[in-house]
Every structure is written in C-alpha cells, then in structure tokens.
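Undergrad: Sequence:
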Amino acid sequence: MPHYFLKLNPCRPTFAQDMTAEERAIMLQHVAYWTDLMNRGLVVVFGPVMDPKAVYGAGVVEIDTEDQLKDLIRNDPAANINYYEYYPMRAVVPPK
Numbered sequence: 196m197p198h199y200f201l202k203l204n205p206c207r208p209t210f211a212q213d214m215t216a217e218e219r220a221i222m223l224q225h226v227a228y229w230t231d232l233m234n235r236g237l238v239v240v241f242g243p244v245m246d247p248k249a250v251y252g253a254g255v256v257e258i259d260t261e262d263q264l265k266d267l268i269r270n271d272p273a274a275n276i277n278y279y280e281y282y283p284m285r286a287v288v289p290p291k
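Heads up: the sequence shown begins at 196 in our numbering, then just goes up one per residue.
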C-alpha cells in the first residue's frame, strides 16, 4: 500500500504561539480527526514539528490512492485555516 508524507503549513509563522480561541478549537478537532484515522490504520504517525522558524504539522499515511488522500485532507477541519503539501513516500515500515 502506498505511503504519503503530509506537511500541514500554518497560515502564519506564529500560528502555534498565537492561535485564536476559534483556531485552537479547529486544531483540537484536527487532532481528533487524525487520531481517528490512526485508530483505523490509515495513519502511521502524525504530530507537530517544533521547527524554530515555524511549527508545522507532519504525518505519514498508508492509503490506496491519491484521491483517497485528497479526501482525507479535504475533510480535515484544519485545512480550512492552514494548507497542506503532500508527497509520495517510499516508506520502510515494520511488517504487520
């Protein structure tokens, strides 16, 4: 099954430090959304990357098609306030 690396870019470099209450609520929904996907076996890992220039989100998903990946991104609440990049990945993972 193909893997993809996802990068969730913040809408501003200071986003992690100065989220509004509304943005924080959306990001909590985002975490719940990706946790559910992880529990369903689609997500290998996800979380914030503490880059001192700007914190961003990263994840690796294991999914059948790029169209399915696009649906996952489209349904993420955080995609309404931040933006995604994604790339095919030749992941090396332990056997299941």
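Because the hints were derived from the structure by calculation, they are not lab data. Some clues are possibly wrong.
In the DMTMM-like style, the derived pairs of lysine to aspartate or glutamate whose C-alpha atoms are separated by at most 20 Å in a straight line are [said to hold, decoys possible]:
| # | residue 1 | residue 2 |
| --- | --- | --- |
| 1 | Lys202 | Asp266 |
| 2 | Lys291 | Glu218 |
| 3 | Lys248 | Asp271 |
| 4 | Lys265 | Asp231 |
| 5 | Lys202 | Asp262 |
| 6 | Lys202 | Asp231 |
| 7 | Lys202 | Glu218 |
| 8 | Lys291 | Asp246 |
| 9 | Lys291 | Asp259 |
| 10 | Lys202 | Glu261 |
| 11 | Lys265 | Glu280 |
| 12 | Lys248 | Glu217 |
| 13 | Lys202 | Asp271 |
| 14 | Lys291 | Asp271 |
| 15 | Lys202 | Glu257 |
| 16 | Lys291 | Asp213 |
Undergrad: Does each hint fit the structure? Answer for all of them.
TA: A quick look at each hint next to the structure:
Distance check on the hinted pair: Lys202 and Asp266 sit about 15 Å apart at the alpha-carbon level, within 20 Å; holds. The straight-line distance between the Cα atoms of Lys291 and Glu218 is roughly 37 Å, outside the 20 Å bound, and the hint therefore fails. Of the pairs offered as hints, the one joining Lys248 and Asp271 is violated, with about 24 Å between alpha carbons and a cut-off of 20 Å exceeded. Restraint check: the Cα-Cα separation between Lys265 and Asp231 comes to about 17 Å, which is no more than 20 Å; the hinted pair holds.
A threshold of 20 Å between alpha carbons decides the hint, and for Lys202 with Asp262 the separation of about 17 Å falls inside it, so the pair holds. Simply put, Lys202 and Asp231 have alpha-carbon atoms about 18 Å apart, close enough for the 20 Å limit, and the pair holds. For the hint pairing Lys202 with Glu218, the CA-to-CA distance comes to about 18 Å; that is within 20 Å, so the pair holds. Proposed proximity of Lys291 and Asp246 is contradicted: the alpha carbons are some 31 Å apart, above 20 Å.
Straight-line distance between C-alpha atoms of Lys291 and Asp259 comes to about 16 Å, which keeps the hinted pair within the 20 Å bound. For the suggested pair Lys202 and Glu261, the alpha carbons sit about 15 Å apart, so the restraint of at most 20 Å is met. Of the pairs offered as hints, the one joining Lys265 and Glu280 holds, with about 11 Å between alpha carbons and a cut-off of 20 Å not exceeded. Between Lys248 and Glu217, the direct Cα distance comes to roughly 23 Å. Violation of the 20 Å bound is thereby established for this hinted pair.
Annotation: proposed proximity of Lys202 to Asp271 holds, straight-line Cα distance about 13 Å (limit 20 Å). With a C-alpha separation of about 27 Å, the suggested pair Lys291 and Asp271 falls outside the 20 Å cut-off, and the hint is violated. At most 20 Å may separate the alpha-carbon atoms for a hinted pair to count; Lys202 and Glu257 meet this at roughly 15 Å. The straight-line distance between the Cα atoms of Lys291 and Asp213 is roughly 40 Å, outside the 20 Å bound, and the hint therefore fails.
The structure fails hints 2, 3, 8, 12, 14, 16 (numbered hints given earlier, in ascending order).
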